[in-house]
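Turn these sequences into a full structure, and let the hints guide you.
Residue numbers (our numbering): 35 to 380.
These are calculated hints, taken from the structure and not from any lab test.
A quick note: this is a predicted structure, and the numbers were derived from the prediction, not measured.
Backbone N, C-alpha and C define an ideal beta-carbon position, used for all residues, glycine too.
One or more of the hints may lead you astray.
Derived Cβ-Cβ restraints for the label pairs, each shown as a range [to be verified]:
#, residue 1, residue 2, range
1, Asp326, Ala69, 51 to 61 Å
2, Pro210, Gln262, 17 to 27 Å
3, Val80, Lys249, 55 to 65 Å
4, Pro97, Arg283, 51 to 61 Å
5, Asp267, Ser58, 19 to 29 Å
6, Lys167, Glu145, 17 to 27 Å
7, Tyr332, Glu145, 34 to 44 Å
8, Lys240, Asn298, 21 to 31 Å
9, Leu90, Asp267, 48 to 58 Å
10, Ser233, Asp329, 20 to 30 Å
11, Gln330, Ser171, 42 to 52 Å
12, Arg293, Gln262, 51 to 61 Å
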Amino acid sequence: MAEGKPIINNTVLVKQTNVELVRSVLRRRKTATRAEVASDTGLSVVTSGTILNEMLASGELLPDKMEESNGGRPARRFRYNKDFIQVAGIAISYDLSVKSLQYIVADAFGEVIEEDRAEYDSIDFSTVDGIIKEIASKYANLKSVVISIPGESYDGIVRFCDIKELQGAPLERDLPGRYGITVNVDGITQVAAYGYYNSNPHLQGKSIAVLLAPKDLHLGAGIIVNGQLTKGDKHLAGEVSFIAGGISREEALSRIPDRRFLLNSMVTALTAIISVINPTQIAIYGSAVSADMYDQIYEKCNDIVPTVFMPEIKIIPDFEDYFIKGLTGLALESTNSGLKLVGQEL
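Written as structure tokens, this is what we have:
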């Protein structure tokens, strides 16, 4: 008896994929006709119309004005309902000896609805839980929260963090069940890299890295490879603080205030990144780095890496806008099914 062929797609998978295609077009365009959706997605006009009508019935789309007629029946336009979902980003940072928490709430287009920032003596699980509880009570359509930390989370638990009271906090494990939402915890540099990459159209499809150099704290990096945010199997990718030139991470931290040691540490991290992912560009930011360090950084890296393989290196004084875009973008992305296959039409 011949073996059966593996099932590549089924009707549910294809339908979900097609819905995601239509959703992405409407979120980008904000308003569109059936024909425009069909053209952008590659789906037939019939398939596009069926999905648009279903999204209209659920409230995800709203009826928009009719197109002007050119002699035939005027085309119906659909408008994405920006209030159909809300997402939030919580940025936890520790810089210049100050612990702070910033939150933003955004609509389905990534436009910020509300934001606030405060400094704390201590930030732990209950602090974050309280912020999410407050946001959820105000926004009934809250679907996703992304929390950025100066550290890494794996298997639902913060494994290490510059803010010691967050170490071991089960943020991803416990918070979703409390509020019925998606909660993802990412390293601060991963969020920064995602926002920076998506803010620069000329970098699309390329490999880049973002290096964070906070004053008197560990270096960190966010890595995009071939247009995809890279976290690694256990979310440690980009944690260049473990590349300490033969000394422990703890000893390296004690020596970071020495400007010469900081510079050498940055060069070690940068040359490792260049060697491993061969990026087009590396952006550097943080309170420990200044524009006058550029020549030294580039020349020291170039002493190790041949010029032909050197990426463009930039020092970015203000990363705030990129970071906000990273938070909202990752939170919105997590509201999708994650399906990227394009199968047969339904």
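Hints, one by one, checked against the model:
no.	hint	result
1	Asp326 x Ala69: 51 to 61 Å	holds (55 Å)
2	Pro210 x Gln262: 17 to 27 Å	holds (24 Å)
3	Val80 x Lys249: 55 to 65 Å	holds (59 Å)
4	Pro97 x Arg283: 51 to 61 Å	holds (57 Å)
5	Asp267 x Ser58: 19 to 29 Å	holds (28 Å)
6	Lys167 x Glu145: 17 to 27 Å	holds (24 Å)
7	Tyr332 x Glu145: 34 to 44 Å	holds (37 Å)
8	Lys240 x Asn298: 21 to 31 Å	holds (28 Å)
9	Leu90 x Asp267: 48 to 58 Å	violated (41 Å)
10	Ser233 x Asp329: 20 to 30 Å	holds (26 Å)
11	Gln330 x Ser171: 42 to 52 Å	holds (50 Å)
12	Arg293 x Gln262: 51 to 61 Å	violated (35 Å)
The structure fails hints 9 and 12 (numbered hints given earlier, in ascending order).
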